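Colleague: Sequence:
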Amino acid sequence: MVEKADIIVNFNSLCISSRKSITGEIYFLIGDRYFPEEGWNDFVIIILSWWHKALINIKNSQTNTTHEFDFMDGPLVVKATKISENNLKLDFIKENSDTQEIF
20 MVEKADIIVN FNSLCISSRK SITGEIYFLI GDRYFPEEGW NDFVIIILSW WHKALINIKN
80 SQTNTTHEFD FMDGPLVVKA TKISENNLKL DFIKENSDTQ EIF
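In terms of the working numbering, the sequence shown is residues 20 to 122.
None of these hints come from the bench; they were simulated from the model.
Heads up, simulated DSSO-like pairs for lysine-lysine below, C-alpha to C-alpha not over 27 Å straight-line:
1) Lys23 <-> Lys101
2) Lys108 <-> Lys78
3) Lys78 <-> Lys101
4) Lys113 <-> Lys23
5) Lys98 <-> Lys78
6) Lys113 <-> Lys78
7) Lys23 <-> Lys72
8) Lys98 <-> Lys23
9) Lys108 <-> Lys98
10) Lys72 <-> Lys101
11) Lys113 <-> Lys72
Treat the numbers as computed from the prediction; the structure is a model and nothing was measured.
Starting from the given sequences, assemble the full structure and let the hints guide the process.
Modeller: Okay, here's the thing in structure tokens:
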């Protein structure tokens with residue numbers, strides 16, 4: 020059981036498109052593993068705003084409540100279940116057309 024997960028944002032990778040969308044590397048580091056993968060590139064500002072809202076909802080929710088941390092690209096999600104006031108259980112899920120990989 021891993022006791023810590025970090026959210027990695029590589030600020031040196033941030034890029035703004037002609038449509039004013041900001042993309043860059045954003046991923047989780049869990050022990051010595053990455054989710055979805057090291058260097059994952061996605062819409063950083065949008066994702067962080069979603070995750071911020073999910074964190075507020077988790078903080079204000081009852082124990083055993085689950086909230087999702089979505090990625091914009093790919094069939095990827097982190098499901099966070101509140102198991103106590105200070106602890107979450109995280110399931111890292113990669114969904115395929117007929118299967119789900121969880122770690």
